[in-house]
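Can you make the complete structure from the sequences, with help from the hints?
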Amino acid sequence: MELTGAEIVLRCLQEEGVEHVFGYPGGAVLFIYDEFFKQDKVKHILTRHEQGAVHAADGYSRSTKKVGVALVTSGPGATNAVTGIATAYMDSIPMVIISGQVPTPAIGLDAFQEVDTVGITRPCVKHNFLVKDVKDIASTLKKAFYLASSGRPGPVLVDIPKDITQHKTEFVYPESVSLRSYNPVTKGHPGQIRRALQLMLEARRPMVYTGGGVILSDAAGELTEFVEMMNFPCTNTLMGLGGFPATDGHFLGMLGMHGTFEANMAMQECDVLIAIGARFDDRVIGNPEHFYNPSRKIIHIDIDPSSISKRVRVDIPIVGNVRDVLQDMLKMLSSSREHCNPAELESWWKQIEEWKSRDCLKYDRGSAIIKPQMVVEKLYDVTEGDAFVTSDVGQHQMWAAQFYKFDKPRRWINSGGLGTMGFGLPAAMGVQMANPGAKVACVTGEGSIQMCIQELSTCKQYHLPVKIIALNNRYLGMVRQWQEFFHGNRYSESYMDALPDFVKLAEAYGHVGMRIEKPEDVEGALREAFALKERLVFMDFITDQTENVFPMVPGGKGLNEMILV
Amino acid sequence: MRHIISLLMENEAGALSRVSGLFSARGYNIESLSVAPTEDPSLSRMTIVTSGSEDVIEQIIKQLNKLIEVIKVIDLNDGEHIEREMMLVKVKAGEAEREEAKRMADIFRGRIIDVSDQSYTIELTGTVAKLDAFLAAIDRSWILETVRTGASGIGRGNRMLRI
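Chains A and B supply the protein sequences, listed in that same order. Once you know that position 85 of the first sequence is 85 in my numbering, the rest is easy, because the numbers rise by one and skip nothing. Once you know that position 44 of the second sequence is 44 in my numbering, the rest is easy, because the numbers rise by one and skip nothing.
Take every hint as true, because none was put in to throw you off.
In the DSS-like style, the derived pairs of lysine-lysine whose C-alpha atoms are separated by at most 30 Å in a straight line are:
| id | chain 1 | residue 1 | chain 2 | residue 2 |
| --- | --- | --- | --- | --- |
| 1 | A | K132 | B | K72 |
| 2 | A | K135 | B | K66 |
| 3 | A | K43 | A | K533 |
| 4 | B | K72 | A | K187 |
| 5 | A | K518 | A | K460 |
| 6 | A | K356 | A | K405 |
| 7 | B | K66 | A | K65 |
| 8 | A | K66 | B | K66 |
| 9 | B | K66 | A | K132 |
| 10 | A | K533 | A | K41 |
| 11 | A | K439 | A | K43 |
| 12 | A | K408 | A | K460 |
| 13 | B | K66 | A | K297 |
| 14 | A | K297 | A | K356 |
| 15 | A | K405 | A | K533 |
| 16 | A | K132 | A | K41 |
| 17 | B | K72 | A | K142 |
| 18 | A | K557 | A | K356 |
| 19 | A | K66 | B | K62 |
| 20 | A | K66 | A | K439 |
| 21 | A | K66 | A | K43 |
| 22 | B | K66 | A | K142 |
| 23 | B | K62 | A | K187 |
| 24 | A | K187 | B | K66 |
| 25 | A | K38 | A | K66 |
| 26 | B | K62 | A | K142 |
| 27 | A | K65 | B | K62 |
| 28 | B | K72 | A | K135 |
| 29 | A | K41 | A | K142 |
| 30 | B | K62 | A | K557 |
| 31 | A | K38 | A | K132 |
| 32 | B | K62 | A | K297 |
| 33 | A | K460 | A | K504 |
Hints were generated in silico from the structure; no laboratory data involved. Computed from a prediction, not measured in an experiment: that's the story for all the values here.
This is the structure in structure tokens:
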């Protein structure tokens with residue numbers, strides 16, 4: 001039997017086991033939406049903006065490892081989706097975005113709601129396709145899901161003109177897909193792994209530095225086993241938090257621009273650095289010239305060869321899937337009797353303990369004004385460290401990363417690479433949709449939350465009981481902090497005036513709103529909010545306006561040149 | 001340093017823009033780029049002349065390999081290779097220039113492929129340097145128009161780029 005292109009799209013989604021699609025309808029995708037109406041296997045979640053749809057699909061994917069799926073119309077639907085796509089691209093999140101396009105004969109004629117979606121998204125997708133024949137829909141979607149989830153994952157966009165969704169053809173979903181031009185590696189080269197192990201065993205001051213690759217490849221278990229076995233110190237990037245348990249004694253906290261003193265110093269001073277699924281980006285190592293240390297050897301495990309020796313020259317590259325490589329390493333380690341010199345390790349740990357005693361994350365716990373750090377600490381206590389925490393971008397993001405101790409992967413969900421304000425709330429919707437019944441908190445600021453505030457309406461429609469923790473300091477805090485440090489306290493356009501009454505706003509959307517102004521009320525409010533299991537609660541915490549994020553590595557400096565409290 | 005990179009990719013719509021987009025997005029130089037289908041019509045072969053430090057060239061090759069439609073990439077500078085470019089030059093060929101223009105074409109082993117009472121069109125093939133040398137050798141004011149294909153390259157002997 002012949003099916004229409006639109007029917008085929010739905011059948012493909014079903015074949016891929018897709019349960020939720022986040023989207024927004026429009027002219028070019030009407031036939032596809034008609035098919036959604038006629039079936040009940042794939043659930044569609046109507047967001048209030050296409051950016052929200054893509055972020056929601058992204059959060060859905062980050063919390064589950066499933067491929068996130070978003071559906072948008074042509075023209076403005078696609079351009080609104082671009083921020084979301086770029087966000088997913090920078091953090092290597094597997095997603096498939098289906099966009100409608102004007103009918104094939106209208107392409108190139110400046111038709112209503114026409115935009116060159118494939119052209120616009122080309123630099124921020126892993127790959128994209130324009131489907132020009134109904135016969136190609138099934139094979140293209142098969143390829144899209146395969147590309148999105150294999151190798152270094154990423155978003156893949158499939159642009160489908162409206163007439164193609166009307167045309168008919170026989171539906172056959174390919175069982176497998178192979179592309180002669182795309183063969184991602186999985187296993188690391190055994191010789192390289194052996195060389196790396198040899199170097200590690202000779203290390204006197206080893207350091208393990210891991211990133212989002214550990215989360216993406218589900219290697220947290222292997223990483224933990226490896227670190228424990230070797231008795232090495234371990235740090236995570238912002239994207240890697242939860243890849244190693246934060247409450248474990250081997251954990252030195254996050255590194256980077258707002259990393260801990262001990263993690264940054266150990267990065268700088270170690271003699272063997274083991275980088276796993278991380279990419280030495282500018283927010284992590286600062287200035288590569290300052291980071292350079294001739295007495296340090298670097299081992300780098302990554303699935304993407306282009307991430308290796310991009311910013312920092314490495315001594316032993318291992319191209320492969322992090323999980324596979326760690327498994328091979330563990331096997332080799334358990335069959336060998338060699339160990340690091342325990343005396344050397346002990347004196348290295350002694351040095352690290354000394355750095356730790358600097359207590360770089362201290363803040364005024366006796367303050368009469370709510371300190372943002374304290375809110376995150378209380379959030380950790382109240383949720384017993386077991387929440388999914390999404391965040392937006394800015395100071396609140398750094399405090400959440402520093403003070404919520406993530407013990408499990410896929411619990412910390414934030415826009416690390418692109419730094420997209422407005423990510424937190426829609427991402428939290430995706431997380432809650434994928435994990436019904438789980439505690440989901442969105443740590444945000446009064447600036448970021450307003451970038452996708454319309455999604456409060458989506459949360460109402462789908463009964464998503466997200467808890468919004470707004471650290472409201474009436475400033476675009478991170479901008480203000482930079483202006484204080486580097487622009488002579490000239491707070492150009494970083495003050496937020498005329499803020500809405502968030503309590504009333506939440507209520508207007510049908511949710512619960514709370515304003516918390518005193519430190520002694522913080523914990524009680526959080527407990528009350530999380531007890532409201534069925535409701536979204538918007539908590540507006542009025543926090544200290546002048547609080548800064550410390551430590552801080554100023555732009556262009558090295559990791560050991562931190563500004564400390 | 002100047003490098004000549006050859007690659008094979010799927011002969012599909014948009015493939016060229018992925019390569020050119022990569023170069024502009026990451027700030028890599030393109031001196032020239034030429035592309036055409038191969039004897040297998042499903043494949044395109046592209047030759048890119050670029051320049052950069054060894055680190056930059058390494059990244060260019062890795063980033064090209066990362067493009068989904070790119071099948072194989074080689075840096076021809078890694079071994080012996082031959083490089084050719086073709087140029088058509090229209091030069092003044094009136095009374096005063098006619099003899100000299102013909103002589104210059106001969107010296108550079110060019111062929112005159114179009115003649116009018118006021119001009120010659122000369123076809124020249126050679127390395128990029130040879131074509132540059134021709135342009136430098138003739139009187140600048142004689143040159144009416146030039147068009148160049150960009151370099152193509154191929155490995156010597158058994159060195160081959162194929163799938």
